[in-house]
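If you're matching them up, the sequences are chains A and B in order. Using my numbering, read the first sequence as starting at 1 and increasing by one per residue. Using my numbering, read the second sequence as starting at 132 and increasing by one per residue.
These are calculated hints, taken from the structure and not from any lab test. In this text the structure is predicted, and so the values were computed from the model without any measurement. All C-beta atoms, glycine included, are put in the ideal place defined by N, C-alpha and C. Treat each hint with caution, since some may be false.
[To be verified] So the derived label-pair ranges between C-beta atoms look like this:
no., chain 1, residue 1, chain 2, residue 2, range
1, A, Gly84, B, Trp438, 34 to 44 Å
2, A, Ala121, B, Ala439, 31 to 41 Å
3, B, Ala410, A, Lys126, 28 to 38 Å
4, A, Gly84, B, Met135, 28 to 38 Å
5, A, Asp58, B, Ala410, 35 to 45 Å
6, A, Asp24, B, Lys223, 20 to 30 Å
7, B, Met135, A, Ile51, 53 to 63 Å
8, B, Thr146, A, Lys125, 40 to 50 Å
9, A, Pro111, B, Ala345, 40 to 50 Å
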Amino acid sequence: MAKKGWDEFEIGAMLRTFNGKIDDIAGTRQENRDYSENSSYTASVADWRLIKPVFNKDYCIDCQFCWVYCPDVSIISRDQKLIGIDMDHCKGCGICVEVCPTNPKSLLMFPEQADEETEIASWPKKDEKEA
Amino acid sequence: MSEMKKIKNLKEFSTSADRFEGANLLCPGCAHSIIVREVLNATNDDMVLSASTGCLEVCTAVYPYTSWDASWIHIGFENSSTAVAGAESMYKALKKKGRLKQPDRNPKFVSFAGDGASYDIGFQWISGCMERGHNIMHIVLDNEVYANTGGQRSSSTPIGSSATTSPAGKVSYGEKKNKKDMMTIMAAHGIPYAAQVSPNKWKDMVKKIQHGFAVEGPVFINAVSPCTTEWKFDPKDTMHLADLATDSLVFPLYEIIDGRELNITYRPKNVVPVEEYLAAQGRFKHLFKDEYKYLIKEWQERVDANWAYLQRREEARV
Chain A
1 MAKKGWDEFE IGAMLRTFNG KIDDIAGTRQ ENRDYSENSS YTASVADWRL
51 IKPVFNKDYC IDCQFCWVYC PDVSIISRDQ KLIGIDMDHC KGCGICVEVC
101 PTNPKSLLMF PEQADEETEI ASWPKKDEKE A
Chain B
132 MSEMKKIKNL KEFSTSADRF EGANLLCPGC AHSIIVREVL NATNDDMVLS
182 ASTGCLEVCT AVYPYTSWDA SWIHIGFENS STAVAGAESM YKALKKKGRL
232 KQPDRNPKFV SFAGDGASYD IGFQWISGCM ERGHNIMHIV LDNEVYANTG
282 GQRSSSTPIG SSATTSPAGK VSYGEKKNKK DMMTIMAAHG IPYAAQVSPN
332 KWKDMVKKIQ HGFAVEGPVF INAVSPCTTE WKFDPKDTMH LADLATDSLV
382 FPLYEIIDGR ELNITYRPKN VVPVEEYLAA QGRFKHLFKD EYKYLIKEWQ
432 ERVDANWAYL QRREEARV
C-alpha cells in the first residue's frame, strides 16, 4: 500500500481488518477470511528469527500445548490435529519446544538456515530415563 | 449466539479460530499475546475490545497494521476501561430504543491494560467503571513494570526488583515498596467477580473468563504476564516462569465473588520455594549477594503469610 507518513493520516482513522463483511468471525478459519492489507496477518516477522522450530509429526500426540501457548498464532491446528507451523509469523521464541511433552520432542529448534528434511531424518532418539 | 462455548479439553479448545493475528510486534516469547488469545478464544460471541497504552496497544496497532479481528478501540493510557464502558452504555441505550439491527448478538465488552495503566494511571477510571456497574470485563496484563517505556517501576513492582527508576546497586536493593493488592481493592467495590489468572493454567483461565462473561456487572481479572525483556529471562522460558509464579504461590490463583466469597482455584501439589522463582529472573539477581540474602527470607515469609491469609479467608467465607 502507498504508505502515508506518520503526520499524514487523519485523526480518528479506522483500519478495517477484512475486505468486505464477515458475519461470524469466530466460526471462520484464517484461510477462509479475506484479510485486507491493514491486517498484520498479511505482514511477516520471519526476519526476526535466528532459530526456527521444526515439526516432526511422527512423535506428535496432538496434545495442543504448543497451540495454546504460542504467542504468535503460528501453530496451525485443524480438526484437533497439528498440521504445521506458520513461518511468516513465527518469531522463533521456542516456547512450543519447551512445552512439548513427548519423548523425544516432536518440535525442536534449529538454526534458520537448517534444512528441514535432513533434520527430521536425523531426529534425536528417545531419552532413556536414568535408573 | 450468547450460549457459552463448551471447552472440555485442550483439543476442543484448539478448534477455535483465532481473532488475534501474528506479526504483531510484541517481543518473542511475550506472555501478553498468550493471555489475549486464551481470552478471545474463550467465547464465540462478538467482542468490543480496547487496550490502554502499553506494550499490547503499541505492538498490535502499528500503523498501517492492526492485529485484531474484532472491534478494537485505540485509546489513551488511562481510559481503556471507560472507553468500553461508554461503548457498553451506548449498546444498552440503542438496544432499549430498538435501533440495533441484530439485537440478540450480545457482544462482550473487554478492556485490556497493563499494570501501569491499571495500578497507577488508570486506577481512578477503573474504579469508576466498577462503581457504576457497567457490564464490562477489565483484564490487567500484570508484568510488574512499565515495560513499554523501558522498565520504570510501577506500583505493581515487588520488593527487591531492579527497575530503571529503582535500580539495584551499592546503596539500594532496588524497589523498596511492596506490590499493591489490587485484587482486594477491586473486590472491595462489591463487584460480582474478581479473579487472578495465569496463562499456564489455561483451563482455569478459560473457566474464569467464561464465568466473568456470564455474570451481569463489572469483572476484574488480574493476569500474570512474565516479561522476557524486563524480568530478564530467556524467551523460551515464559511458561516456566508462569509455572514458577503460580507454584511458588507468589501469584496464587483465586477468585472473589460479590466482593466477599473467596475461592482458591489452584493448589500446587509441590510448592516451590520462592527462591527458585527469584533465581530464574535477572531482575532479582542482586538478591543473591550476601548482604541482601535476608530479603529472600522476607519474601518467603510474606508469600507464606499471604497464602495463609487467603486460606483463612476462604474458610471463613467472608
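Do the hints match the structure? See the list:
no. : hint                              : verdict
1   : A:Gly84 <-> B:Trp438: 34 to 44 Å  : holds, 43 Å
2   : A:Ala121 <-> B:Ala439: 31 to 41 Å : violated, 55 Å
3   : B:Ala410 <-> A:Lys126: 28 to 38 Å : holds, 31 Å
4   : A:Gly84 <-> B:Met135: 28 to 38 Å  : holds, 31 Å
5   : A:Asp58 <-> B:Ala410: 35 to 45 Å  : holds, 36 Å
6   : A:Asp24 <-> B:Lys223: 20 to 30 Å  : holds, 23 Å
7   : B:Met135 <-> A:Ile51: 53 to 63 Å  : violated, 40 Å
8   : B:Thr146 <-> A:Lys125: 40 to 50 Å : violated, 33 Å
9   : A:Pro111 <-> B:Ala345: 40 to 50 Å : holds, 47 Å
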